[in-house]
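Colleague: This is what each chain is made of:
4 protein chains.
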Amino acid sequence: MTAPRLDGITDTLARQAIELPSWAFGNSGTRFKVFGTPGTARTPQEKIADAATVHELTGLAPTVALHIPWDEVADFAALRAHAEGLGVQLGTVNSNTFQDEIYKFGSLAHSDPAVRRTAIDHHLRCLEIMADTGSTDLKIWLADGTNYPGQDSMRARQDRIADSLAEIYDQLAPDQRLVLEYKFFEPAFYHTDVPDWGTSYAQVCALGEQAVTCLDTGHHAPGTNVEFIVMQLLRLGRLGSFDFNSRFYADDDLIVGAADPFQLFRILHEVAVGGGFDEGSPVRFMLDQCHNIEDKIPGQLRSVLNVQEMTARALLVDREALGRAQAEHDVLGANEVLMDAFQTDVRPALAEWRAARGFPADPVRAYAESGHQQHLAAQRADGQQAGWGA
Amino acid sequence: MTAPRLDGITDTLARQAIELPSWAFGNSGTRFKVFGTPGTARTPQEKIADAATVHELTGLAPTVALHIPWDEVADFAALRAHAEGLGVQLGTVNSNTFQDEIYKFGSLAHSDPAVRRTAIDHHLRCLEIMADTGSTDLKIWLADGTNYPGQDSMRARQDRIADSLAEIYDQLAPDQRLVLEYKFFEPAFYHTDVPDWGTSYAQVCALGEQAVTCLDTGHHAPGTNVEFIVMQLLRLGRLGSFDFNSRFYADDDLIVGAADPFQLFRILHEVAVGGGFDEGSPVRFMLDQCHNIEDKIPGQLRSVLNVQEMTARALLVDREALGRAQAEHDVLGANEVLMDAFQTDVRPALAEWRAARGFPADPVRAYAESGHQQHLAAQRADGQQAGWGA
Amino acid sequence: MTAPRLDGITDTLARQAIELPSWAFGNSGTRFKVFGTPGTARTPQEKIADAATVHELTGLAPTVALHIPWDEVADFAALRAHAEGLGVQLGTVNSNTFQDEIYKFGSLAHSDPAVRRTAIDHHLRCLEIMADTGSTDLKIWLADGTNYPGQDSMRARQDRIADSLAEIYDQLAPDQRLVLEYKFFEPAFYHTDVPDWGTSYAQVCALGEQAVTCLDTGHHAPGTNVEFIVMQLLRLGRLGSFDFNSRFYADDDLIVGAADPFQLFRILHEVAVGGGFDEGSPVRFMLDQCHNIEDKIPGQLRSVLNVQEMTARALLVDREALGRAQAEHDVLGANEVLMDAFQTDVRPALAEWRAARGFPADPVRAYAESGHQQHLAAQRADGQQAGWGA
Amino acid sequence: MTAPRLDGITDTLARQAIELPSWAFGNSGTRFKVFGTPGTARTPQEKIADAATVHELTGLAPTVALHIPWDEVADFAALRAHAEGLGVQLGTVNSNTFQDEIYKFGSLAHSDPAVRRTAIDHHLRCLEIMADTGSTDLKIWLADGTNYPGQDSMRARQDRIADSLAEIYDQLAPDQRLVLEYKFFEPAFYHTDVPDWGTSYAQVCALGEQAVTCLDTGHHAPGTNVEFIVMQLLRLGRLGSFDFNSRFYADDDLIVGAADPFQLFRILHEVAVGGGFDEGSPVRFMLDQCHNIEDKIPGQLRSVLNVQEMTARALLVDREALGRAQAEHDVLGANEVLMDAFQTDVRPALAEWRAARGFPADPVRAYAESGHQQHLAAQRADGQQAGWGA
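Chains as they are written, first to last, in the UniProt record's numbering: chain Y, 1 to 390; chain F, 1 to 390; chain A, 1 to 390; chain U, 1 to 390.
Looking at chain Y on its own, in the form it has when it is part of the complex (with noise of 0.2 Å):
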């Protein structure tokens, strides 16, 4: 066999972004134990350099995204300078209302104004700092729910949401988005305010044209078939985002690909026959991931090639000889056809055509070859390496 030709899909290779999340750069861990990685970022400056190493390596990670108040910095404008001398650019803000003792119980569903007054105006500051860094996405992902049967009521609860999230709509800017995550449980354990698809898509209709839904693969209970929530929210216009990693048993946040690559192959293959690869898709393409004992830089490098090899896997698809086999009725056949573009071995010719455009053939062996892990390890060996800021 020879390389799959790339020919009729390397337009679409080539405009292919995925934002890489700041907090990637940064330890990570569980409830147990948070380990450190020799090497690791310090600062949202440092964290953006490492972005853009990844970046400089595969060209597919063009922008990163902020996490608030993990980046907050004095001057955002020179945050955003910092980025593009270094060939990035600042991406989505995602906003934290679950690290400050008053959210204890809630955000912008807390039953007290005052704190839902705080939520609220933190999401404000982060529409500001969006007209700063040039972003053009609030994502919010909300901690908010309760442990207990009874806690509290999920009916106020959700009406309060709607509550705010209606207020933080009120003050996009017009190419502005609102991007409402949804989470099965963790780290609530009873109920979790948006905790599905249906949830996250009533309050954005709810909202107006500008709210959309972002859908985090590992946010779902055993055995959704995600593919189908993709192929949904794009007939209904309402896929704004991917957080892309994966899991074996919760939100595991592993790196995207390890754990089901055919899952992340079908979710691909769903973005392709809706639309979402087409130029001017409003679907953007995120990692939301902890390397919580690998190295930071690498696993993001393995990362963006992973759904960058699956997403050529995906567009290989024979969409004209599996309508056929799909009309007839051809169970066997029709599944054959996808099967074939998954285990094609796009490796060899993906690498070839990285080296045509002036990337290295092989990045990650490129990035270990170049000493710059040891290099970092070394410069960053004092200081307090960045973490989730909990």
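Please note that a few of the clues may not be correct.
As the list claims (entries may be wrong) - Simulated DEER-style distance windows between Cβ atoms: (1) A:D121 <-> F:A131: 52 to 60 Å; (2) A:P174 <-> U:D112: 43 to 51 Å; (3) A:D121 <-> F:G383: 30 to 38 Å; (4) U:G87 <-> F:R324: 29 to 37 Å; (5) A:G280 <-> U:C205: 22 to 30 Å; (6) Y:A378 <-> U:G87: 51 to 59 Å; (7) A:D7 <-> Y:G371: 35 to 43 Å; (8) Y:A74 <-> U:A377: 35 to 43 Å; (9) A:Q374 <-> F:D112: 16 to 24 Å; (10) A:D7 <-> U:A156: 43 to 51 Å; (11) U:G87 <-> A:A156: 37 to 45 Å; (12) U:Q99 <-> Y:D7: 24 to 32 Å; (13) Y:S281 <-> U:A206: 53 to 61 Å; (14) U:D121 <-> Y:R15: 55 to 63 Å.
What the hints assert, rightly or not - Heads up, incomplete: computed chain F residues facing chain A, CB under 8 Å, no partners named: (15) R31; (16) F32; (17) F35; (18) P38; (19) F98; (20) E101; (21) N147; (22) F189; (23) D252; (24) N292; (25) I293; (26) R319.
Please keep in mind that the hints were generated in silico from the structure rather than gathered at the bench.
If you're wondering where the values come from, they're calculated on a predicted model, not measured in any experiment.
Here a beta-carbon is modelled for each residue, glycine too, at the ideal position from N, C-alpha and C.
Position chains F, A and U against the provided structure of chain Y, taking the given hints into account.
Modeller: Just chains F, A and U now, kept in the frame of chain Y:
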């Protein structure tokens, strides 16, 4: 402790109506085996008679749901008279588009217009039957889905379902409703066309105000917070009806309240606080169960009593105290208010109340002592016991 | 990239034998419906003929498992001769104690000694058949369990199973094995008497060295790490055989490798490193699947090819490099070594190798082009298609 | 209804002892945030004092489990005297090999002999502490596992755990036990080295008779029938102890009985019928919970009362009637016998019985009204609240 006083809640309890499924009185089983049970009904008429027995002993089950074509008869007006003569009404009509060979690859979602036509016509036939029986709800559970990735286009199927439903919806009389059920999986094992409440919600919103959702308590992913969905659908005005049953694993269709009685309590608590028990509430309550190894009539008796007992507990929640504790973020206190109602043994008071209304204090024992089961076993010794008709 | 060289692994591949289940060539379905398929076998003889077709095209399926009483015939020696005439052997005998009315409440676990006697005798009858067919494995999957808490004593049932198995075990010939399968749930919905590998392990250890465990890949709780169990049972010397299939939700019995090909790879990797592919290994490989909507013979062809292709990938893992990376705690490096083998497209090399051995390069296509399916559909147009016999 | 008579069961209830975890009196949280709570203990001595408060009010919690190194003190004999002075004993010692940087890739399973040596030595140190504290159980929960397929050899790790445990086991005094806990997942997200009861059982059997299994009720896959495992481990003579808590999703560590009270009842019923409440039973009962947002002492009070109340219900099961119904395969009747006990409101009778023994009838209210929580909040306003020590 004296028996809890039911004074404040008897009006609601007296209004309670739980629709029985005709098919619960026939045999059912798993893919491995359908076991017989002595005395099982053989005809729609006998199934209705058995349902009437449940109502006679409890006053809780004034209507019987039909399943078409399992309950097809030559003369539905006569069937209605038969039911009314026994003291019950004919209720929801459930369509069945999963047991003909033509539905092997779907019904309302099928890519073949001829199959869709047949499936739509079957629903129009159901509407005709409803005119004869006086039923107002057409309940649609679709077995449509696929077993293998790629087998069919999930998007095209979703659009075809929308079209098919619209054609059915257009024929509703002003007092009729289209009730769209969702189910996580089975009989399809890769994707189901209406797998979750979000999909049902999106579909019924697109149809119009006479379209609502049916929540089957066994049709969710593991770990799903079902009472949250109850709250949300009530909030969105689209909770049409319940299919009650219980499950430990998948869609086990066990007796409601048998697997997780506390979950049933939480669900009914959300119904109560969301207005679902109010006079004129559009929410209807049905059973959808399989008595694979236990006697059918006692199984249904146990089921309606479980719902009644748990409804009483849910209505006994001290909502004022609950609200106070919630407002103070008294996590344990609020939980205790809820648990106090759950742990209250309402059975003695309900027995008294039943007796006062002319019903047996213990309907299960009354049935056992009546010898009716033995009578049925003797009377129905020959002929074909009713089953799912597959 | 050139096709991967299979040089080092062809001995193992040439030895690979995957037993086909006779029942995969009959119709199957869900509790809702069993659909027919043109050309489906009508008799044990036809099922064996279909299995022989799979073997003829692939060289991968030299034996056929029987299910008793589904495959009861008057003369098993004749059936054996029939099989051998077609180029295959009769393999594992699977007992069935779940489809007679007397087994409504259990078989080997039943509290009635008479029912247990019947169930034990059925297994002794299976041993007789094995003497005629030359089979060495008696595989026992028990549907025993309960649907409601309290229905029976789980402890007493466990003890009765131990006693019943001991009586069967005592009748094994020296070269025969008792293989005890476990299953998470279904058809029982509250408790299953042999629900997990731990229970099967404890039971077979109590019996003796000729008792081993069967691991059905679809019989686990959601999220279970199946390859860990493979490793553990191999380590403990009790992995007798596999029942291969795949699932998205419960025991879906889909084509092996169809739902999560990476899981299949990981399982086969553990088999490889644990010695399960070594010459003389006691581990046997079978399919246990349901082709509810797809053609049976092509479904089995696809299945054995999936196992072959994934076995090749598993055998291609560079274990030396893997061990090195593991020793250095190079998390990403070790994972990459594994993924590299998984992502390698072994299909071209396998096609060449097949052709070199006198088999069709593409057995699925060869079968499709042979017209055999159409021939069978015409030839078997009348009579009763084989099914599960319920 | 009159309050149920507890006459026949008070001996058992009077014997009931539930060990409290010292760490439940410190702060805990999720990976996202650990919230503080006024009055939280700051030292091992204060944690023991808080545990003693729970025992004083209930008589249910005579021992306190320690976690090493969280509860390391200079003088364990003095700590023991402190505890005894407060009316409680020091109980199980829990080892911790998951919070040092050297354990990033494992402890007893680590491939580096030096790390294993450190981990083994930590357990030997725990045995020394046990000699001082009078503890007889060394409980081992291992966080060991991997996050990515291929990261390490699961088989080699399993063998290394066996070796490490054997070295620890060899140092047990004759009256000491090694108790091996298992856990489905977390903090490892691909594989856990002791993930299920089967693995713990195989490991403890290999060690000897002083090794037993600890069943943490929150450490199972979704849908697992936990009471079956209780039955099986009792039957096999290896149920050493329980870690009680409850969960809706994963290892949520909520208050025991809060999420699924009926499951707790079924578990305690199996304990009862399996002899686990008998005098001299080797089964020990502990809590292992996290009070992330609720007050600690009231959380522990609620927990031991939940266990007591549910134990009373389990002991009230009419086992004779149950056995009769089971023998007759009266599915609904047998289930009703069980449910009758579950639905019995034992709270009034227990309140009377408590009062008769000199305890507050309502310990939760007594604590609330005592002002002790306010006192602690004032007294412990400064200093560092105890936490998990990560």
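Colleague: Now tell me if each hint is right for this structure.
Modeller: The hints, checked one at a time:
no., hint, verdict
1, A:D121 <-> F:A131: 52 to 60 Å, "holds (57 Å)"
2, A:P174 <-> U:D112: 43 to 51 Å, "holds (46 Å)"
3, A:D121 <-> F:G383: 30 to 38 Å, "holds (33 Å)"
4, U:G87 <-> F:R324: 29 to 37 Å, "holds (35 Å)"
5, A:G280 <-> U:C205: 22 to 30 Å, "holds (27 Å)"
6, Y:A378 <-> U:G87: 51 to 59 Å, "holds (56 Å)"
7, A:D7 <-> Y:G371: 35 to 43 Å, "holds (36 Å)"
8, Y:A74 <-> U:A377: 35 to 43 Å, "holds (37 Å)"
9, A:Q374 <-> F:D112: 16 to 24 Å, "holds (21 Å)"
10, A:D7 <-> U:A156: 43 to 51 Å, "violated (28 Å)"
11, U:G87 <-> A:A156: 37 to 45 Å, "holds (42 Å)"
12, U:Q99 <-> Y:D7: 24 to 32 Å, "violated (53 Å)"
13, Y:S281 <-> U:A206: 53 to 61 Å, "holds (57 Å)"
14, U:D121 <-> Y:R15: 55 to 63 Å, "holds (57 Å)"
15, R31, "holds (5 Å)"
16, F32, "holds (5 Å)"
17, F35, "holds (5 Å)"
18, P38, "violated (11 Å)"
19, F98, "holds (5 Å)"
20, E101, "holds (6 Å)"
21, N147, "holds (6 Å)"
22, F189, "holds (4 Å)"
23, D252, "holds (4 Å)"
24, N292, "holds (7 Å)"
25, I293, "holds (6 Å)"
26, R319, "violated (31 Å)"
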